[in-house]
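Protein chains in written order, with the numbering used here: chain V, 1 to 305; chain Y, 306 to 546.
Keep in mind that the hints are not guaranteed to be accurate.
Said to hold, decoys possible - Using 27 Å as the maximum straight-line C-alpha spacing, the simulated DSSO-like pairs for lysine-lysine come out as follows: (1) V:239 / Y:434; (2) V:82 / Y:313; (3) Y:354 / Y:449; (4) Y:498 / V:146; (5) Y:354 / Y:529; (6) Y:449 / Y:395; (7) Y:449 / Y:313; (8) V:146 / V:192; (9) Y:498 / Y:529; (10) V:192 / Y:498; (11) V:152 / V:74; (12) Y:395 / Y:346.
Everything labelled a hint here was simulated from the structure, so no lab data went into it.
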Amino acid sequence: MVTPMQANAAAISEQRERNKESDAMSEVEAVQAPRPELARVAQSGPTAIPKTAAKARVTARDVNVYYGDNHALKHVDIDIYKNEVVAFIGPSGCGKSTFLRCINRMNDVIDGCRVTGEINLDGHDIYARDIDVVQLRARVGMVFQKPNPFPKSIYDNIAYGPRIHGLASGKDALDEMVESSLRRAGLWNEVKDRLRQPGTGLSGGQQQRLCIARAIAVNPEVILMDEPCSALDPIATAKIEELIDELRENFTIVIVTHSMQQAARVSQRTAFFHLGNLVEWGETEQIFTTPNDERTQGYITGRFG
Amino acid sequence: MNSEHIVKAFDEELQRLNAVVLRMGGIAEAQLAGAIEALVKRDSDLAQKVVAGDEAIDQMDIELDDNAVRTLALRQPMANDLREVIAALKISGDLERIGDYAKNVAKRTLALNQLAPHDAARSIPRMAKLVQAIIKDVLDAYAKHDANRAIDVWHRDEEVDEMYTALFRELLTYMMEDPRNITPCTHLLFIAKNIERIGDHATNIAETTHYLSTGKRIGGGRPKGDLSSFQVVNPADAGED
């Protein structure tokens, strides 16, 4: 039997083979680039999800995900409020990354993956027929486990998103967006003198902050992070965690993490997934001091998982 | 090397724990001072205020407990940070007891004020003054994480114990002289014991402060001067004073 993780990994690597581009580009392009098959729809002006000034709230109701016949995620109901950090924790294969990828429809690129139920961003169902997925992925950005800067200059890494979405009115505006994103990601001082150098020349921690800057350059409302620190040393991790604390003021952040300690440090609310079920979710302090469910307690105290 | 944590929120949480401990300490000092003044001046109103004032310390103890548990769960503190949180927990427990004893002194004062004034009441403020100085110095030592100052304070408890032993004998003597002294002297005995216990808790705080700064316990046994458990006063000796 193939686990969801294996099915997922296989699907993504197949996709990469087909694209025949660098890993970085294909993964992130799926998030940010216009898809040719949707071009027609985009031109005819689909109902883009209106960007309201109100809460960037994500709600999920009875979400199920199937990889072929495998029922990987079961009846998930959860609310994610504006300007908070929510952590998804759980053992390997529990469905947390699967659910994360539902929020910006990354699961669309996986063959055989079927999503049912409702996921709303600001009250609008993101799986509605007339949704522009490209726009969705600009409003719900993503940062991956292994830092994956484009094989371009630092400047172009950040400028790519705004360019293709037509967000900058000219070179000056673009320069300003690049600087602002790098500042907000806490990277500006370290790279301001070498913006034309390749992004791949940075250290691991810097590359990850570059990827975060890239995600925020298109002014998302929600940032999804899939184990963003697992490839980083403790100091680089601490810097990212402090960055997440600062970003919370302007963005809503959902972070999948293998480290319960990180979830405890970084989030205001935590959701525990197990075997495809959302077992429990609530205030982080409550989850880690007095969890309601035995399974939650068993996992966080290291009795299983 | 006292640099800040990379994650600022961590620093804020530790500082909050510190601040609550010091606030509790301040209130405990004020409570003891109020209780002694109420005793000396036979001021029942002040005594009532002190009794009511203990509630604040109890609340802060609960608040600190909650914050400490939260910090342990959410930050996983290590090394000196861990000792910081543990020390705050222990010291708040000691301060809460000091507050309770001060309240008990005030309660007994209310009883005493219904009886005629008694000479023995004059010895008590001297003992209290000693203890008040110890509390002040130990809180200073905690605020500055000063291990040497903590050791200094730790030694002074012996003097308090010796005063208590002497007071014990004195009160027994009064009670044997005249049965009418028994009621007031019994209250005074309890009051003296309460103050002696306050001194012990302040000494605990000194030990915790030393551990907080150095990670080590103060070596050797605590010098014990409280010999009241062994005191026997014979009626023949009673008539001498």
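Hint-by-hint comparison with the structure:
1. V:239 / Y:434: violated (50 Å)
2. V:82 / Y:313: Within the cut-off at roughly 22 Å; holds.
3. Y:354 / Y:449: violated (31 Å)
4. Y:498 / V:146: violated (65 Å)
5. Y:354 / Y:529: Distance of about 34 Å is beyond 27 Å: violated.
6. Y:449 / Y:395: Holds. Residue 449 (chain Y) to residue 395 (chain Y) sits at ~17 Å (cutoff 27 Å).
7. Y:449 / Y:313: holds (21 Å)
8. V:146 / V:192: Answer holds: residue 146 (chain V) to residue 192 (chain V) is near 23 Å, not above 27 Å.
9. Y:498 / Y:529: holds (15 Å)
10. V:192 / Y:498: Measuring from Cα to Cα gives roughly 69 Å; hence the hint is violated.
11. V:152 / V:74: violated (40 Å)
12. Y:395 / Y:346: Violated: residue 395 (chain Y) and residue 346 (chain Y) sit about 34 Å apart, past 27 Å.
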